[in-house]
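Chemist: Each chain is listed here by its residues.
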Amino acid sequence: MPTLTFPLSRIEGHAQVVIEVQAGEVISARFQAMEFRGFEYFVQGTPAEQMPVITPRICGVCSTAHHVAAVKALEDAYGVTPPPLALRIRELLLLGQIVQNQATSLFIFTMPDRTGVASIFQIPPTGGETSEQDNAGIAMRALKVRKAGTDLITTAGGQFIHPVKAVIGGVTSGVGPEQAATMRAELAEVLPIACELFDLYWEMSLAMGERIGTWGDDAPACYIAAVADCRPNYYGDVIRVMCPKGVVRARFPARDFRAHLTYQETDYSYAGQTSYGGEVMRANSLARINMAHCMGTPRADEYLARFHETFGQPAHAIMLFDLARGVELVHALERAMEILANPLDHEDTAVPYTPRDGEGYGLVEAPRGPLIHHYRIENGLIAQAEFIIPTVHNALAIERALRVAAKRYITAERVDMELERAVGRVVRAFDPCIACATH
Amino acid sequence: MEREMNRFAVLQLSGCAGCEVSLLNAEEWIDRYNLVYMPLVISAYDVPEVDVLLVSGGVRTDEDLYNLRRAVQRARQVVAVGTCAISGGVANLGDRDEVRALFLAQAERRHLPHLLPRIRPVDSVVTIDRYLPGCPPTPELFMAVLFNLPDFKASKTVCQECGRKKLTATPATRVLSQWSTRGGKDKRPAHLLGFQQGEVLPDICLINQGYLCVGSSTRGGCRAPCTRAGHPCVGCRGPSDAFIEKESSKWFASIQRVFAAMTDIPPEEIEAALRSPQLALFLFQFADYAPPSGGDEGRAPRPKEKVL
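Protein chains in written order, with my numbering: chain A, 3 to 441; chain B, 4 to 311.
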């Protein structure tokens, strides 16, 4: 049987797409994660308190989410409630992650698809006639927005990759007034740049939709997220599943995930797949924006209203994941500025705790969706660890969207060369993280 | 006509992409280097001829092995970037005997790159010109290695970059007693405090507070982001020049001496903690420091001139 293999780039990690075709008929489209390190195995026997330092190494792109999820899982096991200021600082950390990730996905990973180049870096710095519109100008501005996200993680987490400041019971320290003011000024400076780039991205996306004649797989799906429908807090409390018609059908805490989510492995990928009782499910930005009624910050709310008016709620076409990221980028910048405007070193940042054996679940809403760490602790050591990864929730949805694209571009007579670009666009819409998905 | 810019490529083996993310924050290269291959940000499917090849990640699969061997032939200079490339990094924990059998048995998949029996550092496969350690290396360190920055000065150790005040025996008692209401840290610590225990006092050395910090012998250059933020140094940049060409026992002995001078913590407790996975992850990052249970014994240590 003829197979078409597409290596993937501009995503996190090593993956490829394999499409099987017989007599012009698309038989299957597989999304293969190609790497494996084995975290669930090798953390067994580690002292439990080391997990917040070891698990960020699952992924350098998502390290903040793992750092916080690990601390939350241990606090759940030990029965510790961190003080309010610690929660604020952790929220800041996760906002920094949203800024960094959405800016990277929008401008570095997917904008080249809209301008028809291989990368935003390969344009010579003096390449364009107009400095505002040329690609080099875009690259520098995009990196500036992205860097504000990483600086925010540094401010709240100590280090912008593999942060260290969240500890069981709280955070190691607050954010002083000077540091907060500097950070806030940087965010204020990049907010208009982010909006400008997002407007441009929005226009480019409309033009691309026009040009290729589709916004990708738009069949209804279930959506999963761990943020409330108003003023999203990526710190995460309960997981919610929205059915394809737009009604929230289930609400459950992290520890009940097995009752709602069905996990399976395949022999063609180092990453598994989850469904909602057999139904295709989608996590990430579009899930959150489909559930959102308000972002709670002015500019993001304008974008949200425009998004819902233009595309409906819930909206299902996959290219809308990308636009949803832009709404969140703007929101995260605004929300972080709000938090930084208030004192962040005025009270205790941690409470004491006593370690004990048992089980704990830690949930955060990572950029790609709900992330759960589950640990079983015996004699102070990790006896079992599970990492429930958002990209894995999207695996079936990615394959469905790939089949839609493959059927569009493969006929009995020929394979349209647009297919290769379409495969890239489909996968990037979901912004999968292979290091996390395989861990 | 302008001279063509130097070209560089980034080959990512099995790792977490943290090194690449850090490189993106060192954006000054954009005007001075032509990045021609880095799948994370560029759609390009093969490494072309380059001046500098940065390799991140460990050699975990047969595909990693193939890609690495092929890419180095096209590079004038090869730099091993990050703890995983230098030692296999965190995934090295999977090479503990009791774990390896389990995961090789359960994790192997058909139709995919095969897992090698153990994860390998890149210099067990190819010749490396320079090492850039760190988990991840900071953007400044990337700049230093790409441009041989003349004004880049790394301190000898993380300790020298930390800025926290080290208190010797007697004054320690006095100064720390001011903090005694905040957790009774009014004596020389008698036991290690877990990494995750308690609110950290600002400005005072973490060892004085009973944390297992190995910044006193870890190579400087990172500007101590962890200890400044209140988390002990876990040694991700590996041993300083004083220890890098020596066996690990010398490095461990030096850490022991520091704790003996500043605390009353029993040496056995320090020893056990140094060998716990989290620290082992980094302390053993130069494979020559790994216990000789597998195929890598007898390799010459990395010469310190090659290590940034």
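Because the hints were derived from the structure by calculation, they are not lab data.
Ideal Cβ positions, reconstructed from N, Cα and C, are used throughout, including at glycine.
Where hints are given, some of them may not hold.
[As the list claims (entries may be wrong)] Below, computed lysine-lysine pairings styled on DSS-like, alpha-carbon distance capped at 30 Å:
#1 A:K146 x B:K156
#2 B:K156 x A:K149
#3 A:K149 x B:K159
[Said to hold, decoys possible] For the chain B half of the interface with chain A, some residues (derived, Cβ under 7 Å), not all of them:
#4 H114
#5 P116
#6 H117
#7 L119
Chemist: Holds or violated: the hint that L119 of chain B contacts chain A, with Cβ atoms closer than 7 Å.
Modeler: With Cβ-Cβ at 11 Å, over 7 Å, it is violated.
Chemist: Given the hint that K156 of chain B pairs with K149 of chain A, test it: the Cα-Cα distance must not exceed 30 Å.
Modeler: holds, 24 Å
Chemist: Please check whether P116 of chain B passes as an interface residue: C-beta within 7 Å of a C-beta belonging to chain A.
Modeler: This hint holds: P116 of chain B lies near chain A, its Cβ roughly 6 Å from the closest one there, short of 7 Å.
Chemist: Please work out if K146 of chain A and K156 of chain B have their alpha carbons no farther apart than 30 Å.
Modeler: At roughly 26 Å apart (the allowed maximum being 30 Å), K156 of chain B and K146 of chain A satisfy the hint.
Chemist: Tell me if the straight-line CA distance from K149 of chain A to K159 of chain B falls inside 30 Å.
Modeler: Distance ~29 Å between K149 of chain A and K159 of chain B Cα, so the pair holds.
Chemist: For the hint on H114 of chain B, does the least C-beta distance to chain A fall short of 7 Å?
Modeler: This interface hint holds because 5 Å falls under the 7 Å limit.
Chemist: With a cut-off of 7 Å on the beta carbons, see whether H117 of chain B makes it to chain A.
Modeler: violated, 10 Å
Of the numbered hints stated above, those contradicted by the structure are hints 6 and 7, listed in ascending order.
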